[in-house]
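Enquirer: Sequence:
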Amino acid sequence: MLMLLLSLSLLPTATAAEVTDLPPWLRGDVRVGYDLGLQVGTLNEIAPGSSEVADVGRATREDHMLRLGGVFSAAPGAAVYFEVPIYFSSRLSFTDSYEMAYDPLAGRGSMVYGDPLNGTVSVQGSGAGGVWFGVRGTPFSEDLWENRGSRATWLIDLGFRTPDKSNFYGIGEGEGDRGGGNGASAFRLRNAFSTTKGVARPYIQGTWTRYGVVPVDLYDSEGALVTAGAEVQPGQRFDVLTGVQVRAFENPNNDASFDFDFRLGYDYNAWANVPSGLYLPSVMSSTEGTLVSMGEYSTASGGLGLYWRFFKYLQLDLRADVAYVFPHKLEHPYPIYTGTDTLEIRAWGGFKIMIR
Numbered sequence: 056m057l058m059l060l061l062s063l064s065l066l067p068t069a070t071a072a073e074v075t076d077l078p079p080w081l082r083g084d085v086r087v088g089y090d091l092g093l094q095v096g097t098l099n100e101i102a103p104g105s106s107e108v109a110d111v112g113r114a115t116r117e118d119h120m121l122r123l124g125g126v127f128s129a130a131p132g133a134a135v136y137f138e139v140p141i142y143f144s145s146r147l148s149f150t151d152s153y154e155m156a157y158d159p160l161a162g163r164g165s166m167v168y169g170d171p172l173n174g175t176v177s178v179q180g181s182g183a184g185g186v187w188f189g190v191r192g193t194p195f196s197e198d199l200w201e202n203r204g205s206r207a208t209w210l211i212d213l214g215f216r217t218p219d220k221s222n223f224y225g226i227g228e229g230e231g232d233r234g235g236g237n238g239a240s241a242f243r244l245r246n247a248f249s250t251t252k253g254v255a256r257p258y259i260q261g262t263w264t265r266y267g268v269v270p271v272d273l274y275d276s277e278g279a280l281v282t283a284g285a286e287v288q289p290g291q292r293f294d295v296l297t298g299v300q301v302r303a304f305e306n307p308n309n310d311a312s313f314d315f316d317f318r319l320g321y322d323y324n325a326w327a328n329v330p331s332g333l334y335l336p337s338v339m340s341s342t343e344g345t346l347v348s349m350g351e352y353s354t355a356s357g358g359l360g361l362y363w364r365f366f367k368y369l370q371l372d373l374r375a376d377v378a379y380v381f382p383h384k385l386e387h388p389y390p391i392y393t394g395t396d397t398l399e400i401r402a403w404g405g406f407k408i409m410i411r
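Letter by letter, the sequence shown follows residues 56 to 411 in the working numbering.
If you are wondering where the hints come from, they were derived from the structure by calculation, not from laboratory data.
All values derive from a computational prediction rather than experimental measurement.
C-beta atoms are modelled at their ideal positions from N, C-alpha and C, and glycine is treated no differently.
In silico DSS-like cross-links for lysine-lysine, where the CA-CA straight-line distance does not exceed 27 Å:
1) 407 with 252
2) 252 with 367
3) 407 with 367
Okay, the calculated beta carbon distance ranges per label pair:
4) 160 with 108: 14 to 22 Å
5) 171 with 382: 22 to 30 Å
6) 130 with 307: 26 to 34 Å
Please construct the entire structure, taking both the sequences and the accompanying hints into account.
Expert: Structure representation (structure tokens):
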């Protein structure tokens, strides 16, 4: 351990942290990456007339996505960028679940006394999502303007995503046309700060994302149109990420390096209006084809990133986070919540071609 610390102390000063990195003037980067999202947990209901919590199923959400993007520095300290997500598969499935039955004593639907559902209930979609366009700028930077003596780097990111006709919300008719993303237009504001402490780059990043409404035709279980052009509203999102990026190896002869990124995160997801029957395996016929509210919720995560720069122009990025999803109500007419055992795994791997 002593030798490791000594070797780290002899390394050159680390370059920009990934969250505040910006190409020099008239230079750019191209990224190709793969995203995996996996959320698993039980569904819980408070039994009518009791304070006991009953397990009424198990839910799994799985997303596989290819992400293409690029950034070009059009002016000193300012850049434009784009990002194209392509969903190979977005799947939501339920196992060991029950049919929603009407409880006359409680005056609402309940899964506690419903009949077991056979097999797995699932919905799946795929396709390209909306395209992100945006600008990034750094009012002060340790790397771009070393002669200014800046002791920190501040990166501002403003992004806009175009709407997409395909989305994951459409249910009933046209099942084969279900998309992978939420299909909404979006606005994103991101601020990130980092500084240098020897071989370490501590950083903090905050991101606010606001989504527009998505018009969706909603059908009942028989395929009959119930609501035309229902305005689905994905929930706004605010997340904070903080951590420290540590330079473990550096070769100045070919600009090769290897960094570790130790990170913690917190996400807040506001309430959303979603189609009834999408996030539950079974609902009452009275809510089929209508919009219901999903409760607000938060997640807390921890993870590790690895950034391996083979030489000046090519870098491999690997990141993985495990998040705890706090319990929240899935549809307001029903007392069904995500379980206290719900976890989410987020992983990303890709290459960055650095034209610098």
